[in-house]
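Protein chains in written order, with my numbering: chain A, 1 to 982; chain B, 1001 to 1275; chain C, 2001 to 2243.
Calculated from the structure, these hints are not laboratory results. Where is the CB? At the ideal position from N, CA and C, for every residue including glycine. Among these hints, one or two may not hold up.
What the hints assert, rightly or not - Covered stretches of chain C, as calculated for chain B (at least 3 residues, CB under 8 angstroms):
id : region
1  : 2125 to 2131
2  : 2147 to 2154
3  : 2164 to 2177
As the list claims (entries may be wrong) - In silico DSS-like cross-links for lysine-lysine, where the CA-CA straight-line distance does not exceed 30 angstroms:
id : chain 1 : residue 1 : chain 2 : residue 2
4  : A       : 50        : A       : 674
5  : C       : 2110      : B       : 1102
6  : C       : 2110      : A       : 336
7  : A       : 369       : C       : 2204
8  : C       : 2092      : B       : 1171
9  : C       : 2204      : B       : 1215
10 : A       : 336       : C       : 2092
11 : A       : 196       : C       : 2204
12 : B       : 1169      : C       : 2208
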Amino acid sequence: MPVASPSPPSVQEVKTTTCYMCACRCGIRVHLRDGVVRYIDGNPDHPLNKGVICAKGSSGIMKQYSPARLLKPLKRKAGAERGAGDFEEITWDEAFATLAERLGRIRASDPKKFALFTGRDQMQALTGMFARQFGTPNYAAHGGFCSVNMAAGMIYTIGGSFWEFGGPDLDRAKLFVMIGTAEDHHSNPLKIALAKFKRDGGRFISINPVRTGYSAIADEWLPIRPGTDGALVLAIIHEIIATGLYDRDFLVKYSNAGQLVNVSETSAECGFFVRTEVPTEEACYEPQDKLWWDRTTEHAVLTHKPGADPYLLGEFRLQDGTPVKPAFQLLHERVKDYTPEWASQLTGISAASIRRLAHEMGVTARDQKIELPIAWTDSWGNEHDTVTGNPVAFHAMRGLAAHSNGFQTIRALAILMSLLGTIDRPGGFRHKAPFPRPIPPCARTPNDPRAVQPNRPLDGMALGWPSDPDDLFVNDDGSPVRIDKAFSWEYPLSVHGLMHNAITNAWRGDPYRIDTLLIFMANMSWNSTMNTGEVRRMLNDKDTEGPTAGEFKIPFLVVCDAFHSEMTAYADLILPDTTYLERHDVMSMLDRPISEFDGPVDAVRIPVVPVSGDCKPFQEVLIELGTRLKLPAFVTKEGARKFRDYPDFIVNYETEPGSGIGFLAGWRGRGGEKFLRGEPNPNQWEMYARNNCVFHYELPKSYQYMRNWNKGYLEWSQRNRITRYAEPILIHLYSEVLQRFRSAAQGKGLSRKPPQHLRKRIDTYFDPLPFYYESLESQITDKHKYPLAAVTQRPMAMYHSWDSQNAWLRQIHTHNYLHVNTRTALQQGIADGDWIWVESQWGKVRCMARHSEAVEPGTVWTWNAIGKAAGAWNLTPDANESQKGFLLNHLISEELPSSLAGDACRETESQARRARTGERGRTVSNSDPITGQAAWYDVRVRISKAEAGEPQQTSPQFEVLEPYPGMKTRSSILAYLGIKQR
Amino acid sequence: MALALLVAGLAASFFHLGHPERAWRSAAMWRTSWLSREVIVLPAFMGVVFLYGATHWLDWHPVLVTLPGGLPVDPSVILGVAGTLLAFALFLCTAMIYACLKFLGEWHSPLTVINYILLGGASGFTLAAAFAAVTAPELVSFLAGWAAIITLLGLFSRSASLVRNARLKPKSTLQTAIGISNRRIVQKTQGFMGGSFNTREFFHGQPVLVVRGVKWFFMLAVFPLPLLLLLAGIHGGSIALGAAFVVQYLGLLAERWFFFAQANHPQNLYYQAIA
Amino acid sequence: MTQLALVIDLNVCVGCHACVTSCKEWNTSGSAGPMVDQNPYGADPTGTFFNRVQTFEVGEFPNTETVHFPKSCLHCEDPPCVPVCPTGASYKRPEDGIVLVDYDKCIGCKYCSWACPYGARELDEQQRVMKKCTLCVDRIHDMSMSPDDRLPACVKACPTSARLFGDIHDPASAVSLAIRESGGYPLMPEWGTHPANHYLPRRKTRIKIHADELERADNPLKVDGLLPRPARSEPTLDDVTTW
Ligand SMILES: Nc1nc2c(c(=O)[nH]1)N[C@H]1C(S)=C(S)[C@@H](COP(=O)(O)OP(=O)(O)OC[C@H]3O[C@@H](n4cnc5c(=O)[nH]c(N)nc54)[C@H](O)[C@@H]3O)O[C@H]1N2
Ligand SMILES: Nc1nc2c(c(=O)[nH]1)N[C@H]1C(S)=C(S)[C@@H](COP(=O)(O)OP(=O)(O)OC[C@H]3O[C@@H](n4cnc5c(=O)[nH]c(N)nc54)[C@H](O)[C@@H]3O)O[C@H]1N2
Ligand code: SF4
Ligand code: SF4
Ligand code: SF4
Ligand code: SF4
Ligand code: SF4
Ligand SMILES: [Mo]
C-alpha cells in the first residue's frame, strides 16, 4: 500500500451549494464525512465555474471551523468603551426585543434616524426592501465605495456595464485590453476565459501601473501612471477618429452619433438634441424623436428614417437658422487636442505606443470581423441575416473606477468600445440579464423629503438612477435628505450611495444626527473605511455638552458579522451570522444575479451543515424584525406574521400581490413549470437543489446579441417583465443627462438649480462629452512633496479582510509590503525589506518596503486589507498581520477641503487638515464629483527610510482586541482531517 | 571508551530522527543508500570494538594461525584489523552520505571522503594520545606523532576543499531552476510568508560574517592549535594533549556546522524569499 | 511503461494559488494527511503543503515579466531522493512512475530532502515523516470516482487549466503533445534526474499592421466628408464649357 489505508468506513455525502468565499458565486460540491466537511470542489455542472475553484473556495473548510467565528449574540457591557471589545452574551430574544423596541420608536418618530449599510453582501434586494419598508432613505450597500463609477459610467453610456452586468466575450475576441483590473468579481470565469483566449492565440494587453496576476500573462504590459487613463483613452479615440478606424455603420444605427445637437450659444436649448414632434408617453426610455442630417437629401430627417444616412461630421443649419452639429462632430472636436503626444506626457506611455494601440484596436475590429449566421430583427424592423462581431474586447475595473475622475474616464472607455462597434456583439462586450436597461434605468429615488414619514414605507426606492436635476433627493433648500448626501447636488449620480461618508456625516451631524446604525457584513472600522484611525475615534466619540452630554454621537450601533472583526468591537449589539455553508441564500434577478451572456441565471445556497452555536442567518433576523415591527411586506393586513422563515419568504414573496415576480426566477408557477414570472411554487427550493442550486435560462440565439436594439429580445424581456419598455437603447456618445445638470448649473431651463456654491462644480464636471481632468486630490496636492501615487490591489488568495482567520490562506498572505520600483527605492536609500515611513498629507504609516521591477516608478502599491488590528480575528496579538501588516487606508482621507466643492481656490495643507477634522469649514467627500465613488486610488505619498532605532513593527498600532465570550479557543497546532472528533 | 562515544553518536543520530522507534528499518536499503550502509557498519563496528575490548579484558589470546613471518594471530588481532577496516568503512559511509549528493558541489568530491577520514583519524589519534597519556604513556609519542601527521594532512586536504569550493561555480542557477534564460531574475516570494520546511532546514539564517568567522575559527582550532598542543604534549604532557583534543573537537563541531552552512543546495534557488 | 506527470503552462498561470489550497484540502483529509499547520492563528504560521506557487520577476522595468511558478514534486524518472532513503520508505512505483513515501516506513531522517535538488519534499512537523506530492494517487486510480474526477485535485481546481495531467511516455497523450508542440522543458536538466513534470514557456502574440491598412478605400472619413463638399454655387467646369 503506497500511503496509509483509505479513510475508515464512514458516511460520505456530496451536497451542492454556492460558494461565498467571495462574491463570484461559483457552484461547489461539498463532500462530507460523517457530517464534517472533508473536501470542497467546483461543481462541473455549474455554468459559472464549470468545475474549477479558486484558492479561497478551496479553503472554505478553514472558514467553517475558524476560531474567529462569533457564536453568540453579544451586547456591549455597560460602561465599556466602544472598540474595547468588552461584551456579554445575551439571548436572541433579548436581542430582538432590544431592536424591535428601539427601531419601533424610531420608525414612529423619524425613520431617517435608522440607517442600514451593508458591505460585500449578496442580498441587497432583501436589505433594500427592508429599509424601504421601514421607511428610511438611509440605506446603501458597498457600491459607492467600491465601483459605482464603473456601473454608472457605462450604464449611463451603453445601458450596461462590466462588474456583474456584462463582460468581455473572450470566446470570440482576438484582441483583449484589460485596464486597471487585478482580480475582480468574475474571478473564476474570467480566468477560465483568459486562459482559453490565450491558448486560442488571442492578443492580450494589460494597462496597469503594476504587473501581477492577470497582467503577468499579458502579451504586452503598459505601465500607466495612476489616474491618467482618461487621457490615454481620449488619445486613442483621437487617433481612431483621425485614422477613420471607427465603425461608422454601427455608430449611425446604434448610437446617438448622428443626432443633431443644438449648438446655438444663445439658445436655452443649447447643448440639447433637436427634437421633432413625435407623440411619446412620459417614461424613462428615450423617445425616437431626434434628427439626423441626411447625406442624400441634405436635410434634417427623423433618425432611422428608412433609406436615410446621416452625416457624422460637419455643421448644419436647421430651417429656422439654428446651428446644429452631429454628436460625433462634437466628440471629434472634443478630442482634437487630446493627441497621443499630449497623453504621453500624462500617462508615461509613449505616443508611439498609444498610436499603435489605437491601430491594433481599430484594424482588428475592422479586418477580423466575425459573421455569425444568426438572423435577428432590429428595433426599426430591419431584418438581418447575420450578427456581426468586431473582435476587440475590453475589461476594466477599479483601476479606473476608484479615482475621482473615474466616471468621465469610464464614459470615455465605453465610447471607445462603441466607436469600435463592439457593444453586445460577438468578440466584444456582452450584456448579462437583466441588462441592458434604458439609459438611465427606470428606478428613481423620491425627490422630495416628504417621502419619509413616520410609520410608513419610503415612497420610492432608497437608491435609483437620476435622469435630471428634478430627480435629486434633496430638501427644498437643495440640501441632502440622505445621511450620506447621495443624490444631492454634491454627487448627483451617486446611484449606489456613499457608504464611506455615512459614519463621518452621522458623527458630525451633517446633515443631521441619527440614532441607530446597523452595519451588515462590512468592516467599517478598518479596511472598508478611509481614514481608519479617525473613523474609529468617531465611532467611540461622545457628546460633551448639551442634553446628550456623555452619550455617543452615534447612539446605537448594531453589527451583524460572522467573525471577530475590527468592526464588531465597536458594536453595542453583535448579531452572529451563519457561514455560507449553513444558510439559505439567493442570488436574485432583483439584485445581482449570476447571468451569463446567453441568458439569465440565478442561484441559491442551501445549507450543507447545521448552524453553529447560536448563529442566525441575517435573512432570518430581517424577517423576524420586519414581522415584529409589522412592516407591511412582512405581515398580513391584520398584522399577523406572513412568513414562517426565510425559505418560506423566498418562495411566497411577490413584489406586488399576484405579480408573479419574486426573488427567484426559476421553477415558478404551482408546479415549477414557469420561469421569471409565475405564481409561488411551494417546491421551488427542492427544484433548485436538484438542479445544482442554479437556474439557467438560455435565450434563443437570435436574442443573444445586439440586445440594446434587438426587437425580439427587448420584447421578450418586456413580456417577462425584465423591463417595462421595449424601446431601443441607443448608445449615448453624447450624454444629455449630464447636459441637463450642467444646464441647470448654468441657470438655464426650468428644472431645479444647484445651490450657488456647487454651480461651478457641476458646470465643470457634468460635461456631456468625456474629458480629462486631474483627480481632485492631485489638484490640491503638492506633487513635489508627495511625488508618488499609492494604490492597492486584490490578492487572488484573500478576500478583503475576511480571510485572515483562515489558517491556510493566511499562510499565503500573512502580512504585506509596500512595493516600490527598485530605482525609486534606491534613490531614497531604501533597501529591499527595509522599514520605511509612508506619508500622505492625511497620515503616515510605518511598514516594510519591497523592491520591484513590476511597478511603474511613480507608483507604490500593496495588497489590500492584509493588515489587521492586533488581536482581531482571534489571531494572537503578535500575529504578522498586525505586527508587519498594514493598511493603506490610514493614508487616505474620506473628505477633501471645501475648495473642491466649487470655488477652485487652493487651500493650504493645514487648512485642509482642519477642514477635515471638522473644526471649520465645509468639506466634501473624497469622491468622484458625479457619482460619489470613493477615490481610494487618488492618494499621493512620499516614502523615507525609518530610523535605525525604530521598532520593527508597523505603525499605527491599536489596543489589543481580546476574544469575545462564546468563541472557540484557537489551537496552536492544527491537523485537519475532516472527521468528527468523538 | 570508543564504545561510549559510538553509543553517544548512535543515540544522537537516533533522536534527530522523526521516528526513532522505526530506526531498525533503516538498514533495509544497503544496496543503494549510504545512510543504510552506515547504519549497518556502525553496529558492526561497535560489535567488533566490543569484542576487541572483551578479548583484552578477558585476556583471551589463543593463537589461531601463525603467519608465514611467524607472527601469531590471535582473535584480538583479527578483531583489531577488522575494526580498523570497519572504522574506515564507517568513515567512508558517513562521508559518502554527503559526497554522493552530486548536485551539492561543495560535498560531491573525493576530498569530502578524504577529509572525513583524515579529520576523523586526527581527532581519534589525538584522543587516543590524550587517553594514553593517562593510561599508557609508552604509546603517547607514537599516537601523538600520528595525530600530528594526520592533522597536518587534514590541514592540506581541508584547505584544498576550501579552495576548491571557493572556486566552485554552481551548475544550477535561477535560470536552469525555472527554465527562463533572462540574466536578471529575482524571486519575490516562495508563496508563503511564515516560512516552510524548505526555508528552515536548508538555511542557517546567519550573516556572512558569522560564517566567515566560523571558518577561521575551525581552521585554527582543528589544525594549528592542536598541532602545537600535540607537539607540546608529545612527551607525555597530558594536559596539553587533553587540551589538544578539546580544542580540536570544538573546532570539528564548527567545521561540521560550516560544512553544512557552505553547502549551497540547489533547492535554495527556489527559496530565496520568504515573502 | 507509464510515467504520469503534470505539465504546467506558465503561459497562462496567473498565480492564483487554487492548486495550492485545493491540494492541501484534498490531501489533509485523505490518505496523505493530515498535513499539519503550526501557529495557524499566531505569528509566522507555517504548515505542510505539497504544492507552492512562487513568484519571480524577470528583467528590468519596463521590460519586466512577472512569472508565477507552481512547484510540487516533479516525479523524476531518475529520482535521486529514492536510492538514498535508508528504509525504502521512498520509492518509485513501476506501474505509473509516481514517487511516493510510505509513512509507515519513514524514519524522518530527512536524507531524501537533501537529495532532492528541487526542494519538493517537506517533513511534516507533527507526524515527523517526510511528505510530498502524491500525484493524488488516491484520486487518479480510484475507480469509485467518475472518470472526470479521476484527476489530481490541483488539476481539477486550476481555473486557467494551466495544469495538464497525463502519461508523458504515451506520445499520443495531451501532455506529450503539449511538451512537443509548446516547447515543454524540465527543471535543472543538468542533474540528469529527468523530472517527469514539465513546464511550458511563455508565448507571445503580436499584431503586425501595415501602413496602408490605416488608409483604405472604405475609410469612413471619406463618407463623413472630412473633405468638405463645395457648395453647389461654387464655380465648376459646367460654367465655362459646353461640349
Ligand atoms: N485601501 C483600500 N481600501 C479598500 C479597497 C481598496 O481597494 N483599497 N476596496 C474597497 C472595496 S471595493 C470594498 S468592496 C471594501 C470591502 O470591504 P468590506 O465590505 O468591509 O469587506 P470585508 O473586509 O470582506 O468585510 C466584511 C465583513 O463581513 C464579514 N463577513 C464575512 N462573511 C460573513 C457572513 O457570512 N455574514 C456576515 N454577516 N458577515 C460576514 C467579515 O467578517 C467582515 O467583517 O473595501 C474597500 N476598501
Ligand atoms: N481574490 C479577491 N477577489 C476579489 C476581491 C478580493 O478582495 N479578493 N474583492 C472583490 C471586490 S469587492 C472588488 S470591488 C473587485 C475589484 O476588482 P479589481 O478592480 O480587479 O481590483 P483592484 O484590486 O481594485 O484592482 C485594481 C487594479 O487597478 C490597478 N490600478 C490602480 N490605479 C490604476 C489606474 O489609475 N489606472 C490603471 N490602468 N490601473 C490602475 C491596480 O494596480 C490593480 O491592479 O474584486 C473583487 N474580487
Ligand atoms: S471565485 Fe469566489 S465564489 Fe468562486 S470558488 Fe473562488 S471564492 Fe468561491
Ligand atoms: S491553479 Fe493554475 S493558475 Fe492558479 S496558480 Fe495554480 S497553476 Fe497557476
Ligand atoms: S522532485 Fe525531488 S522529491 Fe520529487 S522525485 Fe524528484 S528528486 Fe524526488
Ligand atoms: S525521511 Fe523518510 S523517506 Fe526520507 S530518506 Fe529518511 S526514511 Fe526515507
Ligand atoms: S497532484 Fe495532488 S498531491 Fe500533487 S500537487 Fe496536485 S493536488 Fe497536490
Ligand atoms: Mo468592492
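* Asked: Out of the numbered hints, which ones does the structure contradict?
  -> Hints 2, 3, 6, 9, 10 and 12 not satisfied by this model.
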